[in-house]
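Chains A and B supply the protein sequences, listed in that same order. Everything in the first sequence is counted per the numbering used here, starting at 1 for the first residue and increasing by one. Everything in the second sequence is counted per the numbering used here, starting at 1001 for the first residue and increasing by one.
Treat the hints with care, since some could be wrong.
Stretches of chain A that chain B covers, calculated by requiring three or more beta carbons in the stretch to come under 8 Å of a beta carbon on chain B [what the hints assert, rightly or not]:
(1) 39-52
(2) 76-90
(3) 180-190
Please keep in mind that the hints were generated in silico from the structure rather than gathered at the bench. We put the beta carbon where it would ideally sit given N, CA and C, even for glycine.
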Amino acid sequence: MSESGDIKREAFIEASRVSHGHNRHAPEIDVKAVSLSYPANSHALQDVSLTIPGGCVTAVIGPSGCGKSTLLRCFNRMNDTIDGCQYSGSILLDGLDVLSVKTDVTQLRRRVGMVFQRPNPFPKSVYDNVAYGPRLGGIRGRRQLDEIVENALRAAALWDEVKDRLDAMAVTLSLGQQQRLVIARAIAVEPEVLLLDEPASSLDPISTLRIEELIYELKTEYTIIIVTHNMQQAGRVSDFTAFMNAGKLVEFNTTDRIFTNPVERATEDYITGRVG
Amino acid sequence: MIRRLSSGGPDPGTISHRRSFRHSTMMLWLTSSMALLAIMMLVALILLLFWLAAGGSSGGGQGVAAGDHLASIFLRLQNGPAPYNSEGIFAAIVGTVAVTLLMTIIVSPLGVIVAIYLHVYARETWYTELIRIGIHNLAGVPSIIYGVFGLGFFVYVVGGQIDQWFFSDALPKATFGTPGLLWASVTLVLLTLPTVIVATEEGLARLPSSLRDGSLALGATRFEMTFGVLIPAAMSSLVTGIVLAIARAAGEVAPLMLVGVVKYAPSLPLSGQMPFVELEQKFMHLGFLVYDLTLHAPTGDGRMTLIAAIALVLVLVVMSLTTFAAVLRGRFRMQYAQEALF
């Protein structure tokens, strides 16, 4: 007991060191006893509690079907779109209880952006894709939109590649560019938290590398949570790692610690490839 | 020995390749010959009508130039069938187009909204399944039944009530409580509603769920998601549904006979003021004209040619309405061609 307490404290000391001083726009997220059930899986998440530090990259790893994507989709309530999904517990984001029925989900999702496994640009132009979120927010002025679109595309390291074809259909871009476009689209809304659900799993190694560099650059401004199958990737991009198995959080610690000296036997087995 | 065996025995890989090749060639032949047949039937129909309309059956068509054919058809149409010789068939063309367009204007938003409700808003329960089964069954109801329903419900119940509320001064002469353009259009709406709903819903269902998720994750409401992302992306199937609806409605005669089409209407159902249509007026229809001339006109000089000429015009009107809609769909498809990539 006391040993795990020590590790948690150590983790937070590490956190403040890694995050280059807390950015006020990158809040920490406090997950308290979250349980979730689908009609198909009554124990999708069981009593998950952890504190995700702000301004850091936190990776969630675990075998397929362990609930890591489900956990991620709790942070912006995307699980609400699934019929018969029920959850309990609380997730605190700057004092806002994300899971409360009173929470305005559309407002929440503007604070917590999400990027999915496969690039999902809308069948619109590059420009309209990025401008979609800001337009929903009521921004109509062409000049203001131009500026937002350019900034978002620059932040997603895509501006130089697409600045001459902003009117081209987004789907004409390569998959890697599409994924960065989708990241730009999420950034354009100026969220505080970015959820990445296996953002590189459908990409080639070069595009994957670019996405990882991007994540590294973005983490000063956002709290980033990334779900990944790829343990090398988790090791490369994240400051903290949570290991999940069968709907439960097995271990949460700094990435260094998880990969070099995990506390739980299950974590070690998974990381060394003996399980999963 | 071994070599001979192996070279003599069929290589399984080659065989399956050859079979699939043969299958695909066969399918190509089959499908292309069917397509050719369909086009040939259409061309034959039009040619036959053209020939008949130009008086071909009475032997006058031989050796006459195409221009003369056209001129003679036009003359016949202009002279028109008795007892409305002076009017020609212009009124019937206007009536056909008017009732079809009015139907389109009503059925498009209605069908699309129902499809959106079923696909985006409604939860999957026995109730929505019931609605869906009902809609699919509606598509199979004989069109004359719609005519009976339109007469009983729209004309007598709804129209009668409207007359009592808004046109009580004119009673007992009915204004809306009698067959007319509006009720004919609304009856056609019922007839074509399943087509539009099914096509739109299937178009929406074909969209990847990642589009919905992507839009919702940016803080869109379901309404914003539907009209900002889903409907534009499904536009081509939506327009396909409307094209099919127009194609079905423009050729329909049976239900219209009960709810507003007449043999002879003294004036066009149009007016110079907003909303430019006389909704309560009875109107003429090309299809009905064909029916009426065939069964009720005196036999004699040039009746068959006149029928064929009118039929030709009807076919051309229906074709141009659907072509117009198809061109529209083509434009949307170009715009959203990338849809297929998902």
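Quick rundown of the hints versus the structure:
Here's how the segment 39-52 of chain A fares: 0 of its residues keep a CB closer than 8 Å to some CB of chain B, so the rule of at least three is not met and the hint is violated. Figure legend: the segment 76-90 of chain A, annotated as covered by chain B; annotation consistent (4 residues with Cβ-Cβ distances under 8 Å, at least 3 required). Three residues within the 8 Å Cβ limit are the bar, and the segment 180-190 of chain A against chain B gives 4, so the coverage statement holds.
When each numbered hint is compared with the structure, a violation occurs for hint 1 only.
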